[in-house]
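From just these sequences and the hints, can you work out the full model?
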Amino acid sequence: MACGKRFMLGNHAIAQGFLEAGISVAMGYPGTPSSEIMEYLMEEGGKRGIYAEWSSNEKVALEGAYGAAMTGARAIATMKHVGLNVGMDPLMSSAYTGVEGGLAIVTADDPGMWSSQNEQDNRWVGLHAYIPVLEPYDPANAKELAQIAMEFSEKMKHPVLFRTVTRVSHTRGPVYVCDGKSPVFGKGIDRTQKRFALVPANARKLKAELVGRWAKIEEAVEELPVKVEEGDPGLLVITSGSAFAYVMDSIKELEISPTVINLSVPVPVQRRKVLDLATKANKIIVVEEGDPVVETQIKAVLFDEGIKVPVLGKSNFVSPVGELSIDITNSVLAGAMGIEAPRRRGMDLGYEPPQRPPVFCPGCPHAASYYELKLASTTSKVKPLFSGDIGCYSLGINPPFDEEDVLTDMGSSLGVGMGINRGTNGRSFVVSIIGDSTFFHSGLPALASAIYNKTPLLLIVLDNRTTAMTGGQPNPTQAIPIEEAVRGLGVRNVYSIDPFNVKEAVNTMRNAIDAVKRGETAVVVSKRACALEAARKLRREGVEPLIYSVVEDACKACGICYNMIACPAIQPKDDGRAWIDPNSCVGCSVCAQVCPYDAIKPSGNLDWIKRWGETL
0 MACGKRFMLG
10 NHAIAQGFLE
20 AGISVAMGYP
30 GTPSSEIMEY
40 LMEEGGKRGI
50 YAEWSSNEKV
60 ALEGAYGAAM
70 TGARAIATMK
80 HVGLNVGMDP
90 LMSSAYTGVE
100 GGLAIVTADD
110 PGMWSSQNEQ
120 DNRWVGLHAY
130 IPVLEPYDPA
140 NAKELAQIAM
150 EFSEKMKHPV
160 LFRTVTRVSH
170 TRGPVYVCDG
180 KSPVFGKGID
190 RTQKRFALVP
200 ANARKLKAEL
210 VGRWAKIEEA
220 VEELPVKVEE
230 GDPGLLVITS
240 GSAFAYVMDS
250 IKELEISPTV
260 INLSVPVPVQ
270 RRKVLDLATK
280 ANKIIVVEEG
290 DPVVETQIKA
300 VLFDEGIKVP
310 VLGKSNFVSP
320 VGELSIDITN
330 SVLAGAMGIE
340 APRRRGMDLG
350 YEPPQRPPVF
360 CPGCPHAASY
370 YELKLASTTS
380 KVKPLFSGDI
390 GCYSLGINPP
400 FDEEDVLTDM
410 GSSLGVGMGI
420 NRGTNGRSFV
430 VSIIGDSTFF
440 HSGLPALASA
450 IYNKTPLLLI
460 VLDNRTTAMT
470 GGQPNPTQAI
480 PIEEAVRGLG
490 VRNVYSIDPF
500 NVKEAVNTMR
510 NAIDAVKRGE
520 TAVVVSKRAC
530 ALEAARKLRR
540 EGVEPLIYSV
550 VEDACKACGI
560 CYNMIACPAI
570 QPKDDGRAWI
580 DPNSCVGCSV
590 CAQVCPYDAI
600 KPSGNLDWIK
610 RWGETL
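Numbers 0 to 615, taken from numbering that gives the first Met the number 0, label the letters of the sequence shown in order.
Note that these hints are calculated values from the structure, not bench results.
Small disclaimer: the values here were computed from a predicted structure and weren't measured.
Keep in mind that a hint or two might mislead.
What the hints assert, rightly or not - Calculated cross-link-like contacts (lysine-lysine; reagent style DSSO-like; alpha-carbon spacing at most 27 Å): (1) Lys-307 - Lys-279; (2) Lys-279 - Lys-298; (3) Lys-536 - Lys-46; (4) Lys-609 - Lys-502.
Claimed, not checked - So the derived label-pair ranges between C-beta atoms look like this: (5) Ser-314 - Pro-224: 53 to 61 Å; (6) Gly-518 - Ala-553: 41 to 49 Å; (7) Ile-479 - Gly-111: 33 to 41 Å; (8) Glu-229 - Ala-299: 46 to 54 Å; (9) Ala-200 - Glu-252: 54 to 62 Å.
In this text, a Cβ means the ideal position worked out from N, Cα and C, and glycines have one as well.
Below is the structure:
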């Protein structure tokens with residue numbers, strides 16, 4: 000067996016651990032901070048003969064992995080924290096039936112909401128669903144714990160949740176890797192048992208079995224790893240996951256020596272390990288990333304055992320808002336000990352740095368689509384209420400577009416949009432805006448409902464041929480034309496546009512708006528490949544790029560190009576005239592089309608736009 004150390008991203012280490020554990024099936028839906036797990040499994044797992052796929056949504060991914068584990072295979076499903084909401088139905092059922100092989104559901108939580116709409120702590124799901132949760136604290140630990148998770152799942156014949164957070168998923172560190180086991184495939188399902196058929200009569204029996212199995216799991220987790228750093232027994236610090244790394248750094252910085260215990264299993268809490276140390280403590284501090292999940296259980300354990308010792312944590316001492324940091328753990332530990340925490344001093348720049356909100360990439364087709372939608376709405380004399388969705392196009396909320404009024408969750412553009420229409424008794428002209436991947440993720444059933452209930456609204460599907468926001472993963476639109484799917488659902492008013500053909504796109508959107516005015520549902524598919532993906536592909540093929548520049552004497556400083564389409568490659572000079580950065584321009588041609596003075600001219604390969612269209 001070949002072994003050695005590698006410097007690895009946390010997500011890659013997680014994937015490596017599951018590979019070494021012998022998984023044969025991996026399914027997932029992309030979502031930051033989880034995406035790199037599946038990408039690694041597709042690249043490295045393919046060499047080992049495992050099956051790995053990007054599924055259409057998290058429910059489908061979890062059901063696929065669940066089905067594989069029913070046969071005796073070792074399988075995983077990967078997603079970000081909010082994705083687990085989509086997969087809750089099969090997740091809850093998987094605890095009732097158990098599995099025959101191993102099943103790990105990876106949930107990558109995002110404290111601090113770096114790329115998410117909430118800070119949901121999915122360790123609560125473990126308590127809710129009777130599913131144990133394992134939680135790593137760094138890449139090396141993540142790799143080892145992934146192996147343990149899979150083996151534990153197969154031993155207990157029960158699914159496990161593997162919870163990571165952004166700072167573990169996206170941290171790099173040295174990891175000891177080996178070849179590991181060959182993929183473990185299943186043998187099939189015993190049809191005589193009906194174990195996996197959750198009709199009510201069967202489910203009632205399985206609930207009783209689940210409760211009994213949970214009691215065995217509570218005992219079995221005591222054998223899983225804990226890490227104890229011996230110190231002053233009077234002050235006990237209990238950690239889980241990434242909190243352990245922060246606490247150890249704080250201890251060095253504060254020059255203190257409490258006893259620290261890190262639990263690899265926050266749900267159900269490894270109570271015997273804690274009790275051995277809690278009986279000697281005068282004070283307990285629980286430091287965890289997210290909500291007081293461990294703290295709540297610890298307090299219950301101490302109460303049951305009649306141990307009266309103060310417990311400080313998220314419920315009374317540490318803010319549950321945001322992610323942990325060294326400053327927070329310094330403050331918590333110093334405050335608990337009655338000492339002063341070190342004060343960090345930032346660099347004094349002498350001025351306040353300007354805000355840098357995220358913007359569309361140069362040449363992004365979504366920016367063109369938003370510009371055209373605004374023109375079409377204005378000239379059609381409608382004042383839409385825009386119901387947005389999750390994706391790159393969420394940036395449409397920013398000026399100058401201002402075309403995202405509500406935005407909550409995957410697929411909500413249609414569901415919420417229908418509710419707005421009905422809630423205002425049809426007085427709101429609703430435009431729902433969704434991306435291609437999100438359309439197949441959760442837009443299809445919502446559109447079916449809109450058609451069935453005859454809801455008049457305009458749906459804009461922004462099809463850039465990839466799941467761009469999470470790194471350019473493939474999705475079903477590359478195999479299933481959205482227009483055909485929409486027509487198959489019964490929509491009569493279906494239109495296609497190329498957002499890089501501005502005049503035609505505006506006219507087409509106006510036709511769609513007219514259909515909604517008549518009380519019908521209309522769908523516009525705006526199709527043009529992601530600028531990053533297309534430019535990368537064409538340059539790899541050796542195609543000479545096209546760039547645009549401003550003819551200075553012709554420019555009248557009207558500002559339409561940099562104020563209305565907001566391309567970051569276009570900037571105003573001191574006199575208000577436009578300037579295009581040749582290093583940023585990707586030759587989309589939109590600025591040249593909107594310039595009323597014909598002051599923007601191309602140079603380079605004039606076939607570039609056509610070749611870009613062929614990357615579809």
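Now the hints, each set against the structure:
1. Between Lys-307 and Lys-279, the direct Cα distance comes to roughly 11 Å. Compliance with the 27 Å bound is thereby established for this hinted pair.
2. A distance of roughly 16 Å separates the Cα atoms of Lys-279 and Lys-298; the hinted pair therefore holds under the 27 Å criterion.
3. Under the criterion of a C-alpha separation no larger than 27 Å, the hint pairing Lys-536 with Lys-46 is consistent with the structure, at around 25 Å.
4. Only pairs whose Cα atoms come within 27 Å are accepted, and Lys-609 paired with Lys-502 is accepted, the gap being roughly 17 Å.
5. The hinted window of 53 to 61 Å between Ser-314 and Pro-224 is violated, with their beta carbons roughly 27 Å apart.
6. For Gly-518 paired with Ala-553, a C-beta distance near 46 Å keeps the hint of 41 to 49 Å intact.
7. Our hint of 33 to 41 Å for Ile-479 and Gly-111 holds, since their Cβ atoms are close to 36 Å apart.
8. Between Glu-229 and Ala-299 the Cβ separation comes to about 26 Å, which falls outside the hinted range of 46 to 54 Å.
9. The hint said 54 to 62 Å for the Cβ distance between Ala-200 and Glu-252, and at roughly 60 Å that hint holds.
When held up to the earlier numbered hints, the structure conflicts with 5, 8 and fits the remainder.
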